[in-house]
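Colleague: Okay, here's what each chain looks like letter by letter:
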Amino acid sequence: MGLLSLFRSKPNSASIAKERLRIIVAQERGSRGGPDYLPLLRRELLQVIHKYVNVDPEAVQINLEREAGNEVLELSVALPQKPPD
Amino acid sequence: MTEIIVVTSGKGGVGKTTTSASMACGLARRGKRVAVIDFDIGLRNLDLIMGCERRVVYDFVNVINGDCALKQALIKDKRLETLHVLAASQTRDKDALTEDGVRRVLDGLIADAFDYIICDSPAGIEKGAHLAMYFADRAVVVVNPEVSSVRDSDRILGLLASKTHRSVNGNGGVKEHLLLTRYNPRRVANGEMMSVEDVKEILGLDVIGVVPESPDVLSASNAGVPVILSETSDAAAAYEDAVARLLGEELPLRFLEEPKRGFFARMFGG
Ligand SMILES: Nc1ncnc2c1ncn2[C@@H]1O[C@H](COP(=O)(O)OP(=O)(O)OP(=O)(O)O)[C@@H](O)[C@H]1O
Ligand SMILES: [Mg+2]
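Chains E and H supply the protein sequences, listed in that same order. Residue numbering for the first sequence is 1 to 85, as defined by this note's numbering. Residue numbering for the second sequence is 1001 to 1270, as defined by this note's numbering.
What the hints contain is simulated information worked out from the structure, not anything from laboratory work. The beta-carbon is built from N, C-alpha and C at its ideal position, and this holds for glycine as well. Some hints here could point you the wrong way.
So the derived list for chain H, only partly shown, Cβ under 7 Å to chain E, looks like this [stated by the list, open to error]:
#1 1147
#2 1191
#3 1202
#4 1206
#5 1257
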């Protein structure tokens, strides 16, 4: 390690890369080989959800699970925290 | 038995051609009969890396179109007797490669008793990349420890598992290996670059080689001599190890640690 790096206190960018990849790769694997309408479905679902709550696209996850010949479409929406009353 | 190996990546410029040339040389140096084919139609480059660019008379598409016999288009390497190069065509016709045409060329090479056919894939997931992988028995997925390269590799792994002759016909699928290249141990140690373990974990594949970032790759391509033939180079040794692993030898990975450097270089992180 060089002297200069002793003064660097940036977050470890390799671990950020790894974490981001882990999530996106899992998501893309989940929809791989799935029906072509999946991206469109995701977009439309987002629009519907948006009518009621203001969530970030990142908060909506769609996964296609395959188990023993069954396909299960799994939708998860992380709702924003309620503002304190 | 001929084994067809595709060298692929999705993302461009990660080191497929460098890898194809070196692995082909490494196999030939061990006495295997090898043909290495450039699938990058319109952007012929393998010939330059192999140093045979001025000897290209007929190309891959000429053979497919019946303009010449396969033997006439195969360029014999001047250094290694059992090594042959089939150059890409410079045509701009996107439909020059056909599944049937590629199959006929590969069948010709199989009939000629080649041990290995290395298919240097173009970047992307279009026709050229698709056909380069379609008939493969094995795949060497070249990846740089960088987010877009890793993601694209995963995309390619998906295609290998679904859009290849072996996957479609249920012949046990294509055997996949990961080859990390442009690896910079110093940056890994500093937490600036993902490590072999990181990439391995994300893609869930066995690693057949780790090639360090090396200035020798550029000088090798300048000279038209595949880097595996540069005697004192770490990159050459890393490719040689990868070839050995491809042939089933078990070797520990090397060049994962920063080489010892002089005081000055250490101080200023050169
Ligand atoms: N280990 C390495 N160290 C340093 N430079 C490298 C290394 N491997 C490849 N390169 C350089 O990276 C560049 C791209 O390499 P190469 O042509 O092999 O990639 P490619 O994947 O075939 O590209 P394309 O997608 O355009 O076909 C070249 O300039 C090459 O010299
Ligand atoms: Mg290339």
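Colleague: Would you mind marking each hint as holding or not holding in the structure?
Modeller: Status of the hints after comparison with the structure:
1. 1147: OK, holds: residue 1147 of chain H within 7 Å of chain E, min 5 Å.
2. 1191: holds (4 Å)
3. 1202: Nearest chain E Cβ about 5 Å off; hint holds.
4. 1206: Residue 1206 of chain H check fails; min Cβ-Cβ to chain E is 17 Å, beyond 7 Å.
5. 1257: violated (12 Å)
Hint compliance for this structure: hints 4, 5 are not met, and every other hint is.
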